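A.B. asks: Here is how the chains run, residue by residue.
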Amino acid sequence: MRKILALALAIALLLTALVIPMASAEETDWSTKNKLKITWTTYFTSLPTEDSHFIKFVEDKFNVDIDMLPIDDSTFNEVLNTYIMAGETPDVIRLKDPGQFLSYVDSGELGVIDMDVLRAQAPSIVNAIDAFKDGSFWDYGVVDGEPYGIPAVAPGNIYHLPVVYNQTWLDKLGLKVPTTLDEFHDVLVAFTKQDPDGNGVNDTYGLSSDGLRALWGAYGVNPGACDGRTDHSYFQLIDGKPAYAATTEQYKEALKVAHQWYEEGIIDPEFITGENTGGYWAISHSIVNHRIGMTVRGNYYHWVMPGAYQLIDEQGNLADCDAGAVAKEFLAVNPDEAVVLGQPPVGPYGSGVKSWNLLAQIYCFSKDATENPEKWERICAIMEYMDHQYVTDRDLYVDYYESLYGEYGKYWMWEDEEACVARTTTKFDEDYPQASTDVWGPTQWGPTLPILLPTKGNQWATSIGYEEGGIVNLMQFSLPAVAENQNNVTHLKDTWMIDFITGAKDVDADWDAYVNELNAAGLNKMVKEVEEWYTSTQAK
Amino acid sequence: MSNTTKTLAREHDHARKIKRTIGEHFFDKFNFIFLGLLGLSMLYPFWYELALSLADADKVALSKVYIWPEAMSLESYKNVCSDINIWNGYKWTIIRTVVGTLVALILGFHFAYVLSKKYFPNRKFWTGILVFTMFFSGGMVPEYLLIRDLGLMNNIFALILPGAISAYNITIMRNFLMSLPDSLEESARIDGANDIIILYKIIVPLSMPILATVALWTAVGHWNAWFDAMLYIRSSDKQVLAITLRRIVLVGTNASTTSLSGEQMTTNMTSETVKAATIMVATIPILCVYPFVQKYFVKGVLVGSVKG
Chain Y
0 MRKILALALA IALLLTALVI PMASAEETDW STKNKLKITW TTYFTSLPTE DSHFIKFVED
60 KFNVDIDMLP IDDSTFNEVL NTYIMAGETP DVIRLKDPGQ FLSYVDSGEL GVIDMDVLRA
120 QAPSIVNAID AFKDGSFWDY GVVDGEPYGI PAVAPGNIYH LPVVYNQTWL DKLGLKVPTT
180 LDEFHDVLVA FTKQDPDGNG VNDTYGLSSD GLRALWGAYG VNPGACDGRT DHSYFQLIDG
240 KPAYAATTEQ YKEALKVAHQ WYEEGIIDPE FITGENTGGY WAISHSIVNH RIGMTVRGNY
300 YHWVMPGAYQ LIDEQGNLAD CDAGAVAKEF LAVNPDEAVV LGQPPVGPYG SGVKSWNLLA
360 QIYCFSKDAT ENPEKWERIC AIMEYMDHQY VTDRDLYVDY YESLYGEYGK YWMWEDEEAC
420 VARTTTKFDE DYPQASTDVW GPTQWGPTLP ILLPTKGNQW ATSIGYEEGG IVNLMQFSLP
480 AVAENQNNVT HLKDTWMIDF ITGAKDVDAD WDAYVNELNA AGLNKMVKEV EEWYTSTQAK
Chain V
0 MSNTTKTLAR EHDHARKIKR TIGEHFFDKF NFIFLGLLGL SMLYPFWYEL ALSLADADKV
60 ALSKVYIWPE AMSLESYKNV CSDINIWNGY KWTIIRTVVG TLVALILGFH FAYVLSKKYF
120 PNRKFWTGIL VFTMFFSGGM VPEYLLIRDL GLMNNIFALI LPGAISAYNI TIMRNFLMSL
180 PDSLEESARI DGANDIIILY KIIVPLSMPI LATVALWTAV GHWNAWFDAM LYIRSSDKQV
240 LAITLRRIVL VGTNASTTSL SGEQMTTNMT SETVKAATIM VATIPILCVY PFVQKYFVKG
300 VLVGSVKG
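Quick mapping for you: the protein sequence lines, in order, are chains Y and V.
The letter at position 278 of the first sequence is residue 277 when you use numbering that gives the first Met the number 0, and the numbering goes up by one with no holes.
The letter at position 283 of the second sequence is residue 282 when you use numbering that gives the first Met the number 0, and the numbering goes up by one with no holes.
None of these hints come from the bench; they were simulated from the model.
Small disclaimer: the values here were computed from a predicted structure and weren't measured.
We treat Cβ as the ideally placed atom computed from N, Cα and C, and that holds for glycine.
Do not take every clue at face value.
Unchecked claim - Now the in silico label distances, taken between C-beta atoms and shown as ranges:
1. Y:D319 x V:E69: 22 to 30 Å
2. Y:N201 x V:I283: 41 to 49 Å
3. V:F226 x Y:D507: 26 to 34 Å
4. Y:D238 x V:E69: 54 to 62 Å
5. V:E69 x Y:E429: 40 to 48 Å
6. V:D55 x Y:E429: 15 to 23 Å
7. Y:E263 x V:L249: 49 to 57 Å
8. V:N154 x Y:V116: 35 to 43 Å
9. V:F25 x Y:E269: 33 to 41 Å
10. Y:E77 x V:S40: 28 to 36 Å
11. V:E69 x Y:K36: 48 to 56 Å
12. V:L160 x Y:D415: 52 to 60 Å
13. Y:K426 x V:D55: 21 to 29 Å
14. V:P284 x Y:K132: 47 to 55 Å
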């Protein structure tokens, strides 16, 4: 009897011991613990005040004193370096450019993460990264076997760049969205020669710098557009080996076609200066202003036409979606026209267009933050709570919205209750007019999670097949030699691309000179480093 | 202008007209057109921003070039003016500009006056010390450490004191002061004036052109400065206007923001009209200063730079 009792007690003890740590992430009362001071960097468009809603919430709930550092996105590295060299490494660093990560680790200022505490305090974050691509993204935060960073993944970037056509022009010329490279060529010729805008003047072209991505994709590579602003070094696996996209044989073949197209006059001679003339980056002014008829620029949601899919409005009815940011501009200039999104045309080496990198940032931490167990626990808990905005677990999601946005129905409502997607109401916009830009405060406290929320927009993009056919960069971040040399190399690559296309240089005759010049500018160092990285980490 | 001078001027014009050759005539025309176009190319971007700021964002295509928007709206200005950061920014920018300019002028002018006196002991050495700072600086990190250890973080003086002594401005002022004849000082001294009276009653009134010039440079510099404010000012209610302006204008111009998810991209996008309105609100006050100091400006720079 006594034995049984003892056994029962032992089991009961064991059970409570098992249950308590699991529940602790939810129920810890931080107010009974020490008040901690934490310095934080994150993304915001305007410096938050001390009494910004989100900051106040975090300070009260987690019994901390948050010092939000005023780091501007465009001078991030400069300012962060100053802080670090002055011995004031921020506790939480949202490293905007993952390429800088290795050099910060080398500087010895970052702390090694205690994964057990992270696992206990931030289960949503750990589980989401574990579940995404077999947890392979964790590797980006590991240096010499030690974890220094948490990868932030932009799940929306699984969709490739949009292949946009002026639908009105296609309809007028009796053409369909092309599916093969030959059809694509025919459409471009028609756009150029058959006066699609009907103004009686021969002033239109097929495509410009961004549209060329469709041609490169038909040859299986993404050497980037030549405007020097939207692309960095692209590495791809060619025949099982990492290769710099813009020195591959495929690119060489594609360049010959591009030159031929240029001679035919279907490439806008102004492609050299790019399609965007300033302002919002995703706009292609060339297509908006009827110079060209197709482009590959921005993201799918920039080009969504009004009514492409339906949303639930505030009255709970189905309503047409609004035009995307660039579509809106297109419609303002051409009110009676429309654009259509197609798939990249199929050529000799398949098809595809660029996808943005999935690895968006790396979150890393000061030594002070990781070596002080109390502080590290608190940081993990804050990141976990603030990351509930990305999860599909209904209870966590509702809790997040109710504590931060307020009353359901008044300030927020379901856009899709089954899929667990909320939206704010017009009442919210009225009561907090500065919410998106100002006093509301930063929302990205922890890493964005690799969970693609099934919003109506994302469902639509999946339905038109945009999850497939993206050309993904092998390097989701830049290694030191790449970071050091890529500006020079990219600049040379762009200059030569223009010369090859216009015929100032001959693809066959000058190819070796081109490759040599790139190598002299540091390309061979970049390639060597990428190969080493690939064989040591990826080719298992 | 008296009648005689008018007649003289007319005769002078008349004489010039006769003398002008065809070449000169065309040269003048060309100058007129060329400089006109040059001026226009500088004015138009400003005009464009003004037109954009008054445009109705929902009705007008923002990427088109136009003289005047077809649909007008003051919505953008309403939007900008309701931003608490703009008003806070104004307050601190005006404080830093006024105090910063005064401090720089008072310190700088006295420094320059002393250096302009040939009988000042070790003049070369002190000038050398000053000029040295023009070519060598401690760099960003030491400067940051200095400001921090002086306890000036989050303090308006972190923005005023580091720039209070500008070697370039002091050199310009020194050169101007050296161009004033020594006899002024001597005659005043014979009349019984002491050093203080000579400086404030004789030299300062004569130095208005250079004071106005340097004041304008310093004031515009303070008005536009942002990097120091980003480093040293931690709380948003003490932040200057230029920082707010930067944040509003730079959002979305750069593809690197694509790392954000789709939802954030669209909700956080500031419209171009609001950006334009912010630019207008932030630049018009400092532009208004120019006409008042313009008349001193050219004179001040010229005299200050010629003599060495």
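A.B. asks: Give a verdict on every hint.
C.D. replies: Hints, verified against the model:
1. Y:D319 x V:E69: 22 to 30 Å: Between D319 (chain Y) and E69 (chain V), where Cβ atoms are some 26 Å apart, the hint holds.
2. Y:N201 x V:I283: 41 to 49 Å: 44 Å, holds
3. V:F226 x Y:D507: 26 to 34 Å: 49 Å, violated
4. Y:D238 x V:E69: 54 to 62 Å: 57 Å, holds
5. V:E69 x Y:E429: 40 to 48 Å: 28 Å, violated
6. V:D55 x Y:E429: 15 to 23 Å: Given a distance of about 20 Å, which is inside 15 to 23 Å, the answer is holds.
7. Y:E263 x V:L249: 49 to 57 Å: 40 Å, violated
8. V:N154 x Y:V116: 35 to 43 Å: 38 Å, holds
9. V:F25 x Y:E269: 33 to 41 Å: Between F25 (chain V) and E269 (chain Y), where Cβ atoms are some 34 Å apart, the hint holds.
10. Y:E77 x V:S40: 28 to 36 Å: With Cβ atoms ~32 Å apart, the hint holds.
11. V:E69 x Y:K36: 48 to 56 Å: 54 Å, holds
12. V:L160 x Y:D415: 52 to 60 Å: 56 Å, holds
13. Y:K426 x V:D55: 21 to 29 Å: Roughly 24 Å apart at Cβ, these two residues keep to the hinted range, so it holds.
14. V:P284 x Y:K132: 47 to 55 Å: Distance hint for P284 (chain V), K132 (chain Y) holds at roughly 53 Å.
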